[in-house]
Structures are given as C-alpha cells and as structure tokens.
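Number of protein chains: 2
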Amino acid sequence: MENNLKINEAFGEKCPVRASLALLSGKWTLMILFQINENVMRYGELKRAVTGISEKMLIQELNMLVENKLVSKEVYPQIPPKVEYRLTELGLKTLPIVDQLAEFGLANLV
Amino acid sequence: MENNLKINEAFGEKCPVRASLALLSGKWTLMILFQINENVMRYGELKRAVTGISEKMLIQELNMLVENKLVSKEVYPQIPPKVEYRLTELGLKTLPIVDQLAEFGLANLV
Chain A
1 MENNLKINEA
11 FGEKCPVRAS
21 LALLSGKWTL
31 MILFQINENV
41 MRYGELKRAV
51 TGISEKMLIQ
61 ELNMLVENKL
71 VSKEVYPQIP
81 PKVEYRLTEL
91 GLKTLPIVDQ
101 LAEFGLANLV
Chain B
1 MENNLKINEA
11 FGEKCPVRAS
21 LALLSGKWTL
31 MILFQINENV
41 MRYGELKRAV
51 TGISEKMLIQ
61 ELNMLVENKL
71 VSKEVYPQIP
81 PKVEYRLTEL
91 GLKTLPIVDQ
101 LAEFGLANLV
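If you read the protein sequences in the order shown, they are chains A and B.
For the first sequence, UniProt numbering assigns the number 1 to the initial residue and increments by one for each residue that follows.
For the second sequence, UniProt numbering assigns the number 1 to the initial residue and increments by one for each residue that follows.
Do not rely on the hints blindly, as some may be mistaken.
Covered stretches of chain B (chain A as the covering partner; in silico rule of three or more C-beta atoms under 8 Å from a C-beta of chain A) [claimed, not checked]: (1) 14-26; (2) 59-68; (3) 84-95.
Pairs of lysine-lysine, DSS-like flavour, derived with a Cα cap of 27 Å [claimed, not checked]: (4) K69(A) / K56(A); (5) K27(A) / K69(A); (6) K47(A) / K93(A); (7) K69(B) / K14(B); (8) K93(B) / K14(A); (9) K27(A) / K47(B); (10) K27(B) / K47(A); (11) K47(B) / K14(B); (12) K93(A) / K27(A); (13) K69(B) / K27(A); (14) K93(A) / K14(B); (15) K93(B) / K14(B); (16) K56(B) / K27(A); (17) K14(A) / K47(B); (18) K93(A) / K27(B); (19) K14(B) / K56(A); (20) K93(A) / K73(A); (21) K47(A) / K14(B); (22) K27(A) / K93(B); (23) K69(A) / K82(A); (24) K27(A) / K14(A); (25) K69(A) / K27(B); (26) K27(B) / K14(B); (27) K73(B) / K93(B); (28) K47(B) / K27(B); (29) K47(A) / K73(A); (30) K14(A) / K27(B); (31) K93(B) / K93(A); (32) K14(B) / K27(A); (33) K27(B) / K27(A); (34) K69(B) / K56(B); (35) K56(B) / K82(B); (36) K56(A) / K27(B); (37) K56(B) / K73(B); (38) K69(A) / K14(A); (39) K56(B) / K14(A).
These are calculated hints, taken from the structure and not from any lab test.
Even for Gly, the Cβ is constructed at its ideal location relative to N, Cα and C.
Please put together the full structure from these sequences, using the hints given.
Here is the structure:
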C-alpha cells in the first residue's frame with residue numbers, strides 16, 4: 001500500500017488522471033463529447049441531444065471544448081447562420097473514456 | 001447522423017453515460033477512487049494522496065462515495081480513532097474508467 005501511494009504521489013501535478021480530469025470533469029463535458037461522437041452536429045441538434053442543459057451552459061461548454069482543442073467549430077456565412085461542431089483528433093481520443101462510462105452505467109446503473 | 005442522434009435521444013433519462021456522470025462527474029470523485037484503487041487507505045493517507053483537496057471537500061466527497069456505495073468506510077473504536085476506506089465491489093468497477101483517463105492523460109496531456 002505504501003509503495004503504491006508513493007507511486008501516485010510521485011506523479012504530483014503530472015498525474016495523468018488529474019490532468020485528464022482538469023480537462024474533462026465538468027458536469028456536462030463528457031456528455032457533450034459523447035453526443036457529438038463521430039458525428040457532425042449543428043448547434044440545435046446538440047441542444048436537443050444534451051437534454052437538460054441550459055443554453056448558457058451549452059455555449060460555455062462548447063467554447064471551452066473548442067478552446068481546449070477537443071471540438072472544432074465551423075461557421076458557415078449564410079442566413080440563417082449554420083454552425084457545425086465535430087470532435088477533433090484529440091476529442092476522438094476521449095471516446096474510449098465515454099465507452100467505459102457507458103459500460104459502467106449499463107452494467108450497474110440503468 | 002440523424003439515426004445516431006435518435007439512438008442517443010432514445011435513452012433519455014436512461015442514458016448510461018448520463019447515469020454514470022451523475023454519480024462520477026464531481027471534480028474530485030474519480031481522483032479519489034483512483035487514489036484508493038485496490039488499497040485500504042486511512043483518512044490521513046488519502047488526504048496526502050489527493051493533493052490540493054480541502055479537508056471539507058474530501059470529507060464531503062467521501063460521505064457521498066460511501067452513500068452511493070462506491071466506497072466502504074470502517075471505523076475502529078480506538079484512541080486515536082482509525083478510519084479506513086476501500087472501494088466496494090461497485091467502486092472497483094469504476095477503475096476501467098480511471099484507467100482510460102490515465103491513458104488519455106499519458107498519451108496527450110502530461
């Protein structure tokens with residue numbers, strides 16, 4: 001036990017779990033990544049898919065995801081404006097985490 | 001795309017990812033589960049291992065984890081009191097999620 005503790009402590013600020021959680025532990029973050037998944041989604045579709053999220057929170061989360069390079073946003077200059085979101089290469093790499101959340105939920109919660 | 005959307009929407013409140021996140025998306029939740037891991041940990045060890053967490057937040061999180069049956073708590077009636085935490089059978093099943101977080105962090109963040 002002591003050994004294991006020391007290994008985890010040794011990571012300190014470099015702990016990979018901590019680093020991932022700093023990026024992904026928002027209440028809605030992984031849910032949004034899960035819903036976009038391998039799709040190209042318009043804002044309205046995403047809003048319907050992530051049921052229960054407020055407009056303000058969704059916009060805030062999407063901005064954060066774009067800033068952190070997990071999601072890319074394409075704005076088409078047309079009327080009405082069309083905005084599409086998709087996962088970046090980095091964002092796609094979070095899907096195995098989402099898969100494990102789904103598996104845990106299916107087996108134990110729903 | 002539309003099909004996939006409908007599949008995800010169909011889960012509604014039964015969405016397994018949503019259910020898992022309701023349980024696990026706290027800022028410190030998965031970090032604490034990761035640190036306890038397969039160990040038996042005393043409160044003080046846990047406090048040192050989860051660097052940066054406040055005493056109040058750690059106690060609150062541990063109570064939540066015990067209430068949700070992810071962690072079991074054993075109090076030994078001695079002086080000074082000894083309190084040990086370990087993952088329950090359900091808690092151990094979250095470790096594959098933590099593993100994916102670690103893998104993502106190692107490959108992309110740290």
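Sort out whether K93(A) lies within 27 Å of K93(B), counting only the CA atoms. It holds: about 21 Å lies between the C-alpha atoms, which stays within 27 Å.
Is K14(A) close enough to K27(B), meaning Cα to Cα at most 27 Å? Holds - the C-alpha atoms of K27(B) and K14(A) are around 17 Å apart, at most 27 Å.
Within a Cα-Cα threshold of 27 Å, do K27(A) and K69(A) meet the stated pairing? Since the Cα atoms of K27(A) and K69(A) sit roughly 18 Å apart, the hinted pair holds (cutoff 27 Å).
Does K14(B) pair with K56(A) here, judged by a C-alpha cut-off of 27 Å? Holds - the C-alpha atoms of K56(A) and K14(B) are around 24 Å apart, at most 27 Å.
Check whether the Cα positions of K14(A) and K47(B) lie no farther apart than 27 Å. Holds, because 18 Å separates the two Cα atoms, which is no more than 27 Å.
Sort out whether K14(B) lies within 27 Å of K27(B), counting only the CA atoms. holds, 23 Å
Checking one constraint from the list: CA of K56(B) to CA of K27(A), max 27 Å. Satisfied? Roughly 20 Å separates the two Cα atoms, so the pair holds.
Holds or violated: are the alpha carbons of K93(A) and K73(A) at most 27 Å from each other? Distance ~17 Å between K93(A) and K73(A) Cα, so the pair holds.
Given hint K27(A) paired with K14(B) - CA-CA distance at most 27 Å: holds, 17 Å
Would the hint linking K93(A) and K14(B) be met if the CA-CA limit is 27 Å? holds, 25 Å
Does the alpha-carbon distance linking K47(B) and K14(B) stay inside the 27 Å limit? Distance of about 35 Å is beyond 27 Å: violated.
Hey, K69(A) versus K27(B), does the alpha-carbon distance stay inside 27 Å? holds, 20 Å
When held up to the earlier numbered hints, the structure conflicts with 2 and 11 and fits the remainder.
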